[in-house]
Amino acid sequence: MRSGTSRALRALPTLFRVGVAETVAYRAEFLVWLLTSTLPLVMLGLWTSVAGEGPFRGYASPDFVAYYLATLVVRNLTGSWVSWQVSEEVRTGALAMRLLRPVHPFVALGASHLAAVPFRTIVALPIALVLLASSGASALSGDPGQLLCVLPSVALAWLVTFATLFTIGSLAFFITKSMAIANLYFGLFSLLSGYLLPLPLLPRWVATVAELTPFPAMLTTPVELLTRTLSGADLARLLGVQLGWAAATVLVALTVWRLGVRRFEAVGG
Amino acid sequence: MIRADELTKHFKVHRRKPGFAAALASVFRRRYEVVRAVENVSFRIERGERVGFLGPNGAGKTTTLKLLAGLLHPTSGAVTVDGYVPSKRPPELLGSITLVMGQKSQLIWDLPPSETYAMNRAIFDVPKAEFDATLAELTELLELGKLVDKPTRQLSLGERMKCELAAALLHRPKTLFLDEPTIGLDVAMQLAIRDFVRRYNQRHEATVLLTSHYMDDVVALCPRILVIDEGKLVHDGDLRQLVKTMDPDKRVSFTLTSEVGADELERLGAVILREGTRVTLRVVEREIPAVVGRLLGPLHVADLAIEDPPLEEILRAMFGKAREERAASEAAEAGGAT
Ligand SMILES: Nc1ncnc2c1ncn2[C@@H]1O[C@H](COP(=O)(O)OP(=O)(O)OP(=O)(O)O)[C@@H](O)[C@H]1O
Ligand SMILES: [Mg+2]
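Heads up: the protein sequence lines correspond to chains A and E, in order.
Using our numbering, the letters of the first sequence correspond one by one to residues 201 to 469.
Using our numbering, the letters of the second sequence correspond one by one to residues 9 to 346.
Honestly, the hints are just simulated from the structure, not real lab data.
Watch out, some of these pointers could steer you wrong.
[As the list claims (entries may be wrong)] Pairs of lysine to aspartate or glutamate, EDC-like flavour, derived with a Cα cap of 16 Å:
no., chain 1, residue 1, chain 2, residue 2
1, E, 112, A, 289
2, E, 112, A, 465
3, E, 182, E, 100
4, E, 25, E, 41
5, E, 158, A, 222
6, E, 20, E, 47
7, A, 377, A, 289
8, E, 20, A, 465
9, E, 112, A, 288
Only a predicted model underlies this, so the values are computations on that prediction, with no experimental measurement involved.
The following block holds chain A by itself, in its conformation from the complex (with noise of 0.2 Å):
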């Protein structure tokens, strides 16, 4: 197994390389993966025109847009579609080629989708750059160290939500229509990590039951960590929590993996 990572990573650049390319030669789909993932704007309008006429629950219009935005900035460079992937790969038997390779398709996989990460920014950016012109500028952190901070917070969101994901299209090896799960996973997403509204606007016991699950992880955190001003210990609990989520998604999804590829099938041929 050494000899399977030391391969993976020496074999990482062409990894991303061919990612880079791939992301290329699947730019229109893209393009519309990117516009299909615009629900947060949608909600910023219905909040702005809610907070219009005096801050709700202690949130005014400014705190709204710098919230949204940062959802859309994060969500758009932490997405992926790796379980529609593994799902139908399994379903096909492509995931025989894949598994012939000595590289486990966790990393594989990993590096082809961290390589449009760079692509995602184009589009990321300028909604960041809105984010700070705009009147949101006053409801963004206005701590620089705790800014440095939302760059591994990021990154572990997005180890967070690949591992899920990577767990759910597993589900294919055990059965057929894992993508139903992948519908109720994007429910249970959308509410339970802040996609649709700020956590703390939710009813008590719903942001209760969020904190236990790893979707705050995958969203929320680095979003906090943009737009409020946490004090040192605070900041070390959140990326603690999401370092611990990020062990625990990982690990299940190369459990729920190993235990699945025996139940391969490999269709075809």
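Given chain A, work out where chain E with the ligands should sit, using these hints.
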């Protein structure tokens, strides 16, 4: 070395009759049927052997190759390749085997094959100089030319197969599992691939396990063949030996130069074919000298040739017999049930 011991793979398939009612019923009670794709197959293949895998459609050839390459976990039994258990997919093993499936592509669909090659070089950790040398060799042998720079999806079937083979061999695997590698190739390319596989086998002392529906591929390449039917190994050995045990009689064919009566021919051997002046007889081996003497002497035939029966014919007879036996036993079972 490849070892299979009582290797068995069963698939559970969900059977359902067509129609809405049946669909609804299947929600509550699923009916499963077991497909015995590979059943208690044992063999050993030494380093450097070229082995052909024959059997009718659905016999279990591809399933066996998938088990050997580690894509499938066996239902029972054991398999090792160079001492490794393939289904554990240790990187050391994956780095020294390859599986080419005529029906499956490892090339990245929207990118030129050269991108897949670059990726494989990195993943298999092939040194640059070795990679360049291998690629140059493969490019020449397979006449790849500029194909490698065209997006895969724009390649013809044969072109893609050639690029596929190259992708599979860039890391110079020591064990080659080839599942219908010549599918879709024209005759010239089929011959080229055959030569190439033999040369690769000799140069690198690589083990080759090959299936093909072109019998000629197997005959030309593989001194040893495994015959599998309905998941069971029914023959393992020398090609000539198979022919001998199944049908020891020779085929004597010739062209008549004068009128010869049918009964005269029948006296020499069983007439298998008679098309105009072209005749093929089936003759018991020890009678060959007498028959040939008579044909070349009094009967004055031309173009005389003595051959073993064609493999296709033998296999057809072999599988046909198995089918008949199965049909008979099924009929008996059905009869017992009513
Ligand atoms: N994933 C699967 N699920 C259910 N049945 C399967 C599966 N894969 C193969 N089978 C069945 O197992 C048997 C053996 O299939 P296999 O593909 O090994 O045949 P084959 O010898 O390669 O045939 P061919 O010459 O047509 O390629 C067939 O009856 C096939 O229907
Ligand atoms: Mg097959």
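Now for the hints, and whether the structure bears them out:
1. For the hint pairing residue 112 of chain E with residue 289 of chain A, the CA-to-CA distance comes to about 12 Å; that is within 16 Å, so the pair holds.
2. At roughly 14 Å between alpha-carbon atoms, residue 112 of chain E and residue 465 of chain A fall within 16 Å of each other, so this suggested pair holds.
3. The hinted pair formed by residue 182 of chain E and residue 100 of chain E meets the criterion: a straight-line CA distance of about 11 Å does not exceed 16 Å.
4. Between residue 25 of chain E and residue 41 of chain E the CA atoms are separated by roughly 13 Å; this keeps the pair inside 16 Å, and the hint holds.
5. The straight-line distance between the Cα atoms of residue 158 of chain E and residue 222 of chain A is roughly 14 Å, inside the 16 Å bound, and the hint therefore holds.
6. Proposed proximity of residue 20 of chain E and residue 47 of chain E is supported: the alpha carbons are some 14 Å apart, at most 16 Å.
7. Proximity of residue 377 of chain A to residue 289 of chain A is assessed by CA-CA distance (about 13 Å); at most 16 Å being required, the pair is judged to hold.
8. Taking the CA atoms of residue 20 of chain E and residue 465 of chain A, the gap is about 10 Å. The hint holds against a cut of 16 Å.
9. Only pairs whose Cα atoms come within 16 Å are accepted, and residue 112 of chain E paired with residue 288 of chain A is accepted, the gap being roughly 15 Å.
The structure fails none of the hints (numbered hints given earlier).
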